[in-house]
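Asker: Chain by chain, the residues run as shown.
Number of protein chains: 4
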Amino acid sequence: MPRVDLNADLGESFGVYRLGLDAEVLRHVTSANIACGFHAGDPMVMARTVAMAAENGVGIGAHPGYPDLQGFGRRNMELAPEEVKNLVIYQVGALTAFARAAGRPLQHVKAHGALYNMAARDLRLARAIAEGVKAAAPDAILLALAGSAMVRAAEEVGLKVAQEVFADRAYNADGTLVPRSRPDAMIHDPEIAIPRAVRMVTEGKVTAITGEEVPIRADSICVHGDNPEAIAFVARIRRALEEAGVEVVPLAQVVGG
Amino acid sequence: MPRVDLNADLGESFGVYRLGLDAEVLRHVTSANIACGFHAGDPMVMARTVAMAAENGVGIGAHPGYPDLQGFGRRNMELAPEEVKNLVIYQVGALTAFARAAGRPLQHVKAHGALYNMAARDLRLARAIAEGVKAAAPDAILLALAGSAMVRAAEEVGLKVAQEVFADRAYNADGTLVPRSRPDAMIHDPEIAIPRAVRMVTEGKVTAITGEEVPIRADSICVHGDNPEAIAFVARIRRALEEAGVEVVPLAQVVGG
Amino acid sequence: MPRVDLNADLGESFGVYRLGLDAEVLRHVTSANIACGFHAGDPMVMARTVAMAAENGVGIGAHPGYPDLQGFGRRNMELAPEEVKNLVIYQVGALTAFARAAGRPLQHVKAHGALYNMAARDLRLARAIAEGVKAAAPDAILLALAGSAMVRAAEEVGLKVAQEVFADRAYNADGTLVPRSRPDAMIHDPEIAIPRAVRMVTEGKVTAITGEEVPIRADSICVHGDNPEAIAFVARIRRALEEAGVEVVPLAQVVGG
Amino acid sequence: MPRVDLNADLGESFGVYRLGLDAEVLRHVTSANIACGFHAGDPMVMARTVAMAAENGVGIGAHPGYPDLQGFGRRNMELAPEEVKNLVIYQVGALTAFARAAGRPLQHVKAHGALYNMAARDLRLARAIAEGVKAAAPDAILLALAGSAMVRAAEEVGLKVAQEVFADRAYNADGTLVPRSRPDAMIHDPEIAIPRAVRMVTEGKVTAITGEEVPIRADSICVHGDNPEAIAFVARIRRALEEAGVEVVPLAQVVGG
Chain W
49 MPRVDLNADL GESFGVYRLG LDAEVLRHVT SANIACGFHA GDPMVMARTV
99 AMAAENGVGI GAHPGYPDLQ GFGRRNMELA PEEVKNLVIY QVGALTAFAR
149 AAGRPLQHVK AHGALYNMAA RDLRLARAIA EGVKAAAPDA ILLALAGSAM
199 VRAAEEVGLK VAQEVFADRA YNADGTLVPR SRPDAMIHDP EIAIPRAVRM
249 VTEGKVTAIT GEEVPIRADS ICVHGDNPEA IAFVARIRRA LEEAGVEVVP
299 LAQVVGG
Chain P
49 MPRVDLNADL GESFGVYRLG LDAEVLRHVT SANIACGFHA GDPMVMARTV
99 AMAAENGVGI GAHPGYPDLQ GFGRRNMELA PEEVKNLVIY QVGALTAFAR
149 AAGRPLQHVK AHGALYNMAA RDLRLARAIA EGVKAAAPDA ILLALAGSAM
199 VRAAEEVGLK VAQEVFADRA YNADGTLVPR SRPDAMIHDP EIAIPRAVRM
249 VTEGKVTAIT GEEVPIRADS ICVHGDNPEA IAFVARIRRA LEEAGVEVVP
299 LAQVVGG
Chain S
49 MPRVDLNADL GESFGVYRLG LDAEVLRHVT SANIACGFHA GDPMVMARTV
99 AMAAENGVGI GAHPGYPDLQ GFGRRNMELA PEEVKNLVIY QVGALTAFAR
149 AAGRPLQHVK AHGALYNMAA RDLRLARAIA EGVKAAAPDA ILLALAGSAM
199 VRAAEEVGLK VAQEVFADRA YNADGTLVPR SRPDAMIHDP EIAIPRAVRM
249 VTEGKVTAIT GEEVPIRADS ICVHGDNPEA IAFVARIRRA LEEAGVEVVP
299 LAQVVGG
Chain F
49 MPRVDLNADL GESFGVYRLG LDAEVLRHVT SANIACGFHA GDPMVMARTV
99 AMAAENGVGI GAHPGYPDLQ GFGRRNMELA PEEVKNLVIY QVGALTAFAR
149 AAGRPLQHVK AHGALYNMAA RDLRLARAIA EGVKAAAPDA ILLALAGSAM
199 VRAAEEVGLK VAQEVFADRA YNADGTLVPR SRPDAMIHDP EIAIPRAVRM
249 VTEGKVTAIT GEEVPIRADS ICVHGDNPEA IAFVARIRRA LEEAGVEVVP
299 LAQVVGG
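Residue numbers (this note's numbering), protein chains in the order written: chain W, 49 to 305; chain P, 49 to 305; chain S, 49 to 305; chain F, 49 to 305.
Just chain W, with the same shape it has in the complex (with noise of 0.2 Å):
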């Protein structure tokens, strides 16, 4: 029986800023990548987060970004690797303690915002981000974009890896992801994007944006609880999985983490 894991971005709220539906994402996705403090979240938001997770038996992950609460990490800087591995020690690290005080395991960390797609591509900052996780937390699996050099700097380094798509991405023929500056980089209609999701799961392909069929592996699809919409897409998105016969489950039980 197929597995796959639904992830999403929580705990982003800041001291008196409230961002995201975290409370409704939580019924639906199966693992969380929570925000350390650098990018967003804060130490009480990231202890709300982590109970809230654990309480809906939803797996916990960090979710390390840059230093830049401004920009929301999607800022590109251009760090150091030193730089890179030290920060991913720093909030993995800091997300832990708040794990272990809900009496819960790390289960994985995936990195935010611009570090993710700097380091999907730069096999350099891919090891950096590796070498972090490894040195704070060498059980957890690293959630890497489905193909990128993330995925291959987890492996080159030891850690265990899932490999995650977006099932409102459009893809290019190399199995990489569209730029979000074009116009058709994202799939908008849930009547396409679910269907796509469900058949990266079960059948390990998607459709390129110039029409040919690229293998893919699923071991996790990104999902979003920013809005209502959002929420009622990840329900259906389940639902479609489990109707397709697919078991939806935290990460660990994906990859054997």
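Derived from the structure by calculation, the hints contain no laboratory data.
Backbone N, C-alpha and C fix where the C-beta goes; we use that ideal spot for every residue, glycine too.
Be aware that one or more of the hints could be misleading.
[What the hints assert, rightly or not] One-sided excerpt, in silico: chain P residues whose CB lies under 10 Å from chain S:
(1) Y114
(2) Q118
(3) G119
(4) R123
(5) N124
(6) E126
(7) P129
[Unchecked claim] One-sided excerpt, in silico: chain P residues whose CB lies under 10 Å from chain W:
(8) P91
(9) V93
(10) E130
(11) N134
(12) A183
Could you slot chains P, S and F onto chain W? The hints should help.
Answerer: The following block gives chains P, S and F in isolation, referenced to the frame of chain W:
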């Protein structure tokens, strides 16, 4: 044979800014309180400092403070106990990850600056710190001002606790420190300070500013590494302790941590 | 014809985080207290907010706070008066530059949150704020809690000062606000709050929580723009003032700033 | 009689952290680029530095940088031009307020670190900086790398501009700086650097690393105040300039600011 630990604050550099003669003081102390990025320190500094402490066989401790880099954590802030508990979990977790990366356990936690001073008198705040340590690092020792509310809080929460004394500070008859605002708060003469510190360890007594003999428990002596004179003082106090038959060892060997 | 200003806190968003219905409340108020990047706001938000205020003919004010984004400037911090003076200069200067970019003068300064509350009672702190404003923007009006130490400090320093009242807060017989910690601190019913505010302007009196008639000077009424109910309240209070023959105008037209 | 300005970065301390021999270098330079709290500096440091510059008759300049204290503004960040414009307005405004408090005008603005280097080559970024300066301080001089995109942007925007040269850096035949990544980028020998700088001022020429004579405009020479050797170098270069008949004066007297 009496035992005592010598502890110093380390890793207080930040970015390009350098503070403290860490490499020098690490040759003399047995435990290091390492800043965790809130009042001082950053991921690069933490990695370097933990590695240096490990190389010197010095016990590694987290030194959490208020989120106030500009004020170096020395400015009083009114935070809710839940906020304090969570900022302790966060910082202890971050430092623990660097210790793990260096193959070392987290030996202890000591609060910094205003957080330390406020919690020494405020049991509610002290409990918040102790609960944070208990949640993030239940096996760590809480290093607390001798006779303070922090000691009581650690005991209530079920944490190992160690009591620290100051060689260069005057004490009141009730065992509290003479506030620094008073001109006679500091003992500047090493000829007085050093035998005084030795006696606190070997006899468990200190002479109060008003002349009384005050019982005091000295598991650890706090020393400084800011400048060459401070380093020389640390070397001298260590020699004097050893000549008095005191074993100078990491905190975990003093309190069985 | 009596005059009064309606002021609200604006520009409290930060990065991706949105707070407050700024566009809506700007249609009803006459002065805006714009966050300056320490407790809320960032350069992008400040530019946008100043531009919107200018378009609406609303008086532009700086709203400096403690350097505490995580606590939204609501947590008491103990800073030296010199530190407070300089953080006021800094923030007032930053906001003034955006006003200048929009071709507008800086009309006023109002301290935020914990800084406002602490300075209302602490003349030393109030003087530090007044000196900061005097140094950075000598022609600006200091908007201060009616009857507070801030009013006195502004007068001592030679700044124009305006006194503000709260429609939704209970007053003590000595003219101070009933602390929010008390259950009867807030006046939630608009049917009571609105005529009460009108009377403060037209008669210069408010009924204390203990029944006494208290003289009060109301140059400006503080209102909120957090949610649709708050916006509706602002619209109603403005209408009620105008129906009572009060001219609702920017602060500079009330106190001759 | 030829004229030149000597400029140095100042006010780069932060909180308890001290950086730079500001008091010493202020005796020799004629213009100060003062950090504005984003990559270095804080309100206390800014107040102190502006006051010291004023006492020494040194021209006061704002030195805005990326919001990256940990990286000292030296790490490349990808910000939208609008973000750069607004962070320049913010920082220039803050520094201007301290200048005003000291009874001095803002003489100039010079971008710092990565912002300076990126904008030297990127006209879009350079324009954003120039527009920010124009909006916040239309009478200030933009101090820009000689021959760079910043010079062009300043001219486009209608700002006064001054061109700066480096005594200790090698130049390419096209007038650009040899990147620091190359081993021959720096000129360490004062016996070479000083006459070279004098010639840039008196003859408007510099010998490129490839041997060509390159025309260069030297309104200001950038010097450093990090350590005693740097201070000695500044004193020597000033003496050499004066002995060569060059008047060393604040930037405003060079370009008629």
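Asker: Name the hints, by number, that the structure is in violation of.
Answerer: Structure breaks hint 7 only.
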